[in-house]
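Peer 1: Residue numbers (this note's numbering), protein chains in the order written: chain A, 264 to 448; chain B, 177 to 252.
I should point out that these hints are in silico values taken from the structure, not numbers from a laboratory.
Please read these numbers as outputs of a predicted model, since none were measured by experiment.
Any given hint might turn out to be false.
Claimed, not checked - Here are the simulated SDA-like cross-link-like pairs (lysine to any residue), alpha carbons at most 25 Å apart as the crow flies:
#, chain 1, residue 1, chain 2, residue 2
1, A, Lys-320, A, Lys-426
2, A, Lys-399, B, Gln-229
3, A, Lys-426, B, Ala-209
4, A, Lys-399, B, Gly-196
5, A, Lys-426, B, Arg-208
6, A, Lys-352, A, Arg-373
7, A, Lys-320, B, Glu-207
8, A, Lys-399, B, Gln-204
9, A, Lys-399, B, Pro-220
10, A, Lys-399, B, Met-227
11, A, Lys-399, B, Glu-236
12, A, Lys-399, B, Pro-205
13, A, Lys-399, B, Ala-226
14, A, Lys-317, A, Glu-378
15, A, Lys-399, B, Arg-213
16, A, Lys-399, B, Gln-224
17, A, Lys-399, B, Leu-185
18, A, Lys-399, B, Thr-225
19, A, Lys-426, B, Ala-199
20, A, Lys-426, B, Leu-211
21, A, Lys-399, B, Pro-202
22, A, Lys-426, B, Gly-187
23, A, Lys-399, B, Ala-209
24, A, Lys-399, B, Pro-181
25, A, Lys-426, B, Arg-213
26, A, Lys-426, B, Cys-198
27, A, Lys-426, B, Glu-207
28, A, Lys-399, B, Met-177
29, A, Lys-426, B, His-230
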Amino acid sequence: MNGRSNPFRARPELIRPRLRVFAALLASVVAIANAAAVEVGERAPNFRLPQLGKEAKLGLADVRGKVVFVDFWASWCSPCREAMPQYEKLQASLPHTDFALLAVNVDETRSDAEEFLAAHPVGYAVLLDPAGDVPKSYGLIGMPTSYLIDRRGVVRWRGQGFKSADLDTLRREIDRLVKEPADAP
Amino acid sequence: MRLSPVARLVGLVAFCAALGACATTPVQPWERAHLARWDMRWDPDSVQTAMKQHAYFSKEGSSGAIGAAGGGCGCN
């Protein structure tokens, strides 16, 4: 080109390093997007929320040392509505005192949760998180999602959606986890 | 042709702005209360839909044109 370099000519020596930077940026964006989801084997993020029908707040730290089942639910979510009475039966049938069930409600309007619970009363603690801070910290990808947390605060089982077949698995896992010592490695 | 630092900066800003135009704020699973309302469904009332369809194909003589088997010829 008359001694002048063609500005549109591909110059691999310049493109390759830029591609590497672009790939690294893309990988970090994907990693950040996935990092939020709490996986089995990871420590459960702590939270402390107001309880429905009680004055005191309740959180994971208050039941530390117990096996904890955390269920995220909302009154507008059909599978959650199906699951709540089933979890009530499950808890009632468990003889363990070292087990706690915390149901985190994410309804924007408190009365929606109250209306549902008036029709389907439950004996376990219902916590209110209308802002959705706790599901955000757990990186929920669907409703309902539930976590079984061992005595040391580590997630040992995660259920996405509700399948009645999971109840047997859940019961077995709870039975197994309550036998583990709190200070197990 | 080497671009000046200012031109590069302008290019970078323009690129980032263009990326921003593609951005969306996905509705999180716990924020779907309004989307889960019955009147947000495609077919909120199946009885009413059936009645509307009946009125439609009666008027148009196009039985089968609304998703049912047949070609909409009104002959089945």
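Peer 1: Each hint: holds or not?
Peer 2: Okay, the hints, checked on the actual structure:
Restraint check for Lys-320/A and Lys-426/A: the C-alpha separation of about 30 Å exceeds 25 Å, so the hint is violated. Under the criterion of a C-alpha separation no larger than 25 Å, the hint pairing Lys-399/A with Gln-229/B is inconsistent with the structure, at around 43 Å. For the hint pairing Lys-426/A with Ala-209/B, the CA-to-CA distance comes to about 21 Å; that is within 25 Å, so the pair holds. Restraint check for Lys-399/A and Gly-196/B: the C-alpha separation of about 23 Å stays at or below 25 Å, so the hint holds.
The straight-line distance between the Cα atoms of Lys-426/A and Arg-208/B is roughly 21 Å, inside the 25 Å bound, and the hint therefore holds. Between the alpha carbons of Lys-352/A and Arg-373/A the distance comes to roughly 24 Å, so the proposed pair stays at or under 25 Å and holds. A threshold of 25 Å between alpha carbons decides the hint, and for Lys-320/A with Glu-207/B the separation of about 23 Å falls inside it, so the pair holds. A hinted pair counts as satisfied when its Cα atoms are at most 25 Å apart, and Lys-399/A with Gln-204/B qualifies at roughly 9 Å.
With a C-alpha separation of about 30 Å, the suggested pair Lys-399/A and Pro-220/B falls outside the 25 Å cut-off, and the hint is violated. With a CA separation close to 43 Å, the supplied pair Lys-399/A and Met-227/B exceeds the 25 Å bound. This hinted pair does not check out: Lys-399/A and Glu-236/B have alpha carbons roughly 51 Å apart, beyond 25 Å. Under the criterion of a C-alpha separation no larger than 25 Å, the hint pairing Lys-399/A with Pro-205/B is consistent with the structure, at around 9 Å.
A threshold of 25 Å between alpha carbons decides the hint, and for Lys-399/A with Ala-226/B the separation of about 41 Å lies outside it, so the pair is violated. Taking the CA atoms of Lys-317/A and Glu-378/A, the gap is about 16 Å. The hint holds against a cut of 25 Å. For the given pair, Lys-399/A sits about 22 Å from Arg-213/B by alpha-carbon distance, which is consistent with the 25 Å threshold. Proposed proximity of Lys-399/A and Gln-224/B is contradicted: the alpha carbons are some 39 Å apart, above 25 Å.
Between the alpha carbons of Lys-399/A and Leu-185/B the distance comes to roughly 35 Å, so the proposed pair goes past 25 Å and is violated. At roughly 38 Å between alpha-carbon atoms, Lys-399/A and Thr-225/B are farther apart than 25 Å, so this suggested pair is violated. Note on Lys-426/A and Ala-199/B: the hinted pairing is violated, with a Cα-Cα distance of about 34 Å set against a maximum of 25 Å. In summary, the hint linking Lys-426/A to Leu-211/B is supported, as the alpha carbons are separated by about 22 Å, within the 25 Å threshold.
Under the criterion of a C-alpha separation no larger than 25 Å, the hint pairing Lys-399/A with Pro-202/B is consistent with the structure, at around 13 Å. Our distance criterion of 25 Å between C-alpha atoms is broken by Lys-426/A and Gly-187/B, whose separation comes to about 52 Å. Of the supplied pair hints, the one linking Lys-399/A and Ala-209/B holds, its CA atoms being roughly 16 Å apart against a limit of 25 Å. Among the hinted pairs, Lys-399/A with Pro-181/B is inconsistent with the structure: their alpha-carbon atoms are about 40 Å apart, more than 25 Å.
The straight-line distance between the Cα atoms of Lys-426/A and Arg-213/B is roughly 22 Å, inside the 25 Å bound, and the hint therefore holds. Simply put, Lys-426/A and Cys-198/B have alpha-carbon atoms about 37 Å apart, too far for the 25 Å limit, and the pair is violated. For the suggested pair Lys-426/A and Glu-207/B, the alpha carbons sit about 22 Å apart, so the restraint of at most 25 Å is met. In summary, the hint linking Lys-399/A to Met-177/B is not supported, as the alpha carbons are separated by about 48 Å, beyond the 25 Å threshold.
For a cut-off of 25 Å, the pair hint linking Lys-426/A to His-230/B is broken: about 38 Å separates their Cα positions.
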